[in-house]
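S.K.: So you can see what is in the structure, the chains are spelled out below.
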Amino acid sequence: MARAAVSGRLGDRLRWTTARLTDRRIESDAARTLVFEVPGWPGHLAGQHVDVRLTAEDGYSTQRSYSLASAPDGESVELTVQRVDDGEVSPYLTDELAVDDVVELRGPVGGWFVWRPEQKEPILLVGGGSGLVPLMAMIRMRRAVGSRTPFRLVYVVRSPEYQLFVSDLRGDDPGLDKTYLYTRSTPAEWPRPPGRFTASELSNAGWPPDFEPTCYVCGSTGFVETAAGLLVALGHQPGRIRTERFGSSG
Amino acid sequence: MSWRMETACFGEWGHDMPIVSRGFHGRARETRHRLPPGQYETTDFPVLSAGPTPRVNPDEWEFTIRTETGTRHSWNWAEFTALPSQTPTVDLHCVTKWSKFDTEWQGVSLDVLLEDVETSADYALVHSYGDYTTNVPLEDLLDGKAWIAYRYDGEELAPEHGGPARLLVPHLYFWKSAKWVQRIQLLDEDERGFWENIGYHDYGDPWREQRYQGD
Ligand SMILES: Cc1cc2nc3c(=O)[nH]c(=O)nc-3n(C[C@H](O)[C@H](O)[C@H](O)COP(=O)(O)OP(=O)(O)OC[C@H]3O[C@@H](n4cnc5c(N)ncnc54)[C@H](O)[C@@H]3O)c2cc1C
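Chains A and B, in that order, give the protein sequences. For the first sequence, position 170 matches number 170 in this note's numbering, and the numbering has no gaps at all. For the second sequence, position 41 matches number 291 in this note's numbering, and the numbering has no gaps at all.
These aren't lab readings, by the way, just hints derived from the structure by calculation. Every residue gets a Cβ at the ideal spot worked out from N, C-alpha and C, and that includes glycine. Some clues are possibly wrong.
Across the chosen pairs, the derived CB separations fall in these ranges [claimed, not checked]:
#1 A/Arg-15 x B/His-323: 16 to 24 Å
#2 A/Arg-240 x B/Val-270: 40 to 48 Å
#3 B/Glu-329 x A/Arg-15: 37 to 45 Å
Next comes chain B alone, as it looks inside the complex:
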């Protein structure tokens, strides 16, 4: 793994201000294109699903984080939606090659959900209602990079787009943003999820075009 993300910038609530390293210039900046290699822009919102869309009633919805030692942290819908939320505007990049710019979400930052979680785990396996799973390094869920989102474009999140709530981790290909999210299991060792088991990339950085295993 390698972490070379440039500081994400989500305007309104701001990122912590980095301090300048004397004499560091970085490599010459090429024009930053908004489209990662091999992507094209779309203005509608395609759906990629492995099977039928599960319908989950918010009354029965519960979200759980379980650590590698088995400790559970859970929130029901009322508790979850009472947590402080953010409204990130992000670009989405789907492995099927579409990208969508400036999508507007509302959700709870994983920093908030993980703040009091005791763990030394490195990986997360994200489980969804309907048994979809996907693996993400725990670091990629932290530091303002990921949310559990429950509103899209000013409305409740539609089931085909992952409602009641989905993971939103926009710096990775969009299949990592698990729809119908139910729980996150923290793990010492990486464990492949659904798409990863059938040949999709374990990490999935669109800017390095990590679509499939071996990319």
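Chain A extracted, bound-state conformation:
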């Protein structure tokens, strides 16, 4: 397990490099985990992302950001991409990109939406849909370093078919409490009917504000606005709530 590079010369960190796909895994109906080999990868912090650049034969080129899903592990880097049906880039990555194909990538990017193992306070992770990805990196980092920092995860997802990292989160992580809230349909015999999540559910599944947790909220812009707003209303200090918006109000 490589040590995470906390910072580096920007000239190196943000240069485009070629990443080769070495493996792909089905993560849900709509999501694939893509494993890339990135020569010279400097390591990363849990929560950081990369920018991916695709270029067509005619020179047309476009970029998107993707969170790093894995804990640092040498030159291997994992992204988990959820297909946006009418999207330009995500369907290409989930359906088209094959082992040994290359994309351009740069990073790691981001120094705010990160969890560092040195942090001692309890942690609340609130993820909506594919917003679980950087939070999963934090859970994997916690595991990788053998941290006992208390974590609570609230994962809000449409339906079981869209649920990410199901088998990975099935295992026992001592000190990690998980709450799944389904908005459209639930697994069989699930006690809670599908529906929007509420302040009291967030309150019950999270930490009391006077425990002074750091809260990480990630998902679509609309989800993040709602969840972060509820946390503030519950009494959490705005300065203790870190957010990452994946774009779209969906």
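Take the given structure of chain A and dock chain B with the ligand to it, following the hints.
M.R.: Chain B with the ligand only, in chain A's frame:
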């Protein structure tokens, strides 16, 4: 935030050549208009300022980059103008709706200035002589997208246009190209600048018409 800039192309010194992704076509290309939504073309050079124009003597001029941990990197005028410079030709888009095509500048790329800076910051707050500030994500200053410019149209940069030196970050609305630039503070958290505090957009992409907060 979202980074979906198409590869900028500044001809003469060239951009790094991207590699082709097998089977990637991208979305059907609509005709690329040069005018972002809501803009009109002008051939003169309007001025947008928040107050009186500060006059800064190059002898007293100093430019500083300060990291989130407080480390400073500074250049005086002689050191700064001795750095390798570039001559970008770019289109400008002002939030007051004018656009100006093919403007010619000379300046130092932020890639050169930031090359040896140790940081994990995400944001930059750009400070000017005269206390103007503006916020820009650090990524938008990198990769051939931004310069500290000190010549315009073959001449010294006039004070009303930001001389002795201004930030030039032409892919964002022009208020982000802070005039009379003095220092850049790198930050972990975004901090609004002058116009952003009074309702202008934090990012300011003209192609998405991000003029005001909430756009
Ligand atoms: C910092 C950061 C980290 C990110 N990490 C991840 C990640 O780990 N995994 C991941 O799958 N995505 C992630 N994203 C989102 C990703 O960058 C793309 O926006 C997403 O893949 C859609 O791109 P596209 O080209 O397929 O769609 P586009 O062609 O850009 O958009 C097509 C349509 O889909 C809408 N849309 C755009 N994004 C989304 C979305 N996320 N959900 C629903 N609708 C959308 C657009 O508004 C548009 O109408 C991240 C974004 C950011 C800013």
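S.K.: Each hint needs a verdict: does it hold in this structure or not?
M.R.: Evaluated hints:
no.: 1; hint: A/Arg-15 x B/His-323: 16 to 24 Å; result: 19 Å, holds
no.: 2; hint: A/Arg-240 x B/Val-270: 40 to 48 Å; result: 45 Å, holds
no.: 3; hint: B/Glu-329 x A/Arg-15: 37 to 45 Å; result: 25 Å, violated
When each numbered hint is compared with the structure, a violation occurs for hint 3 only.
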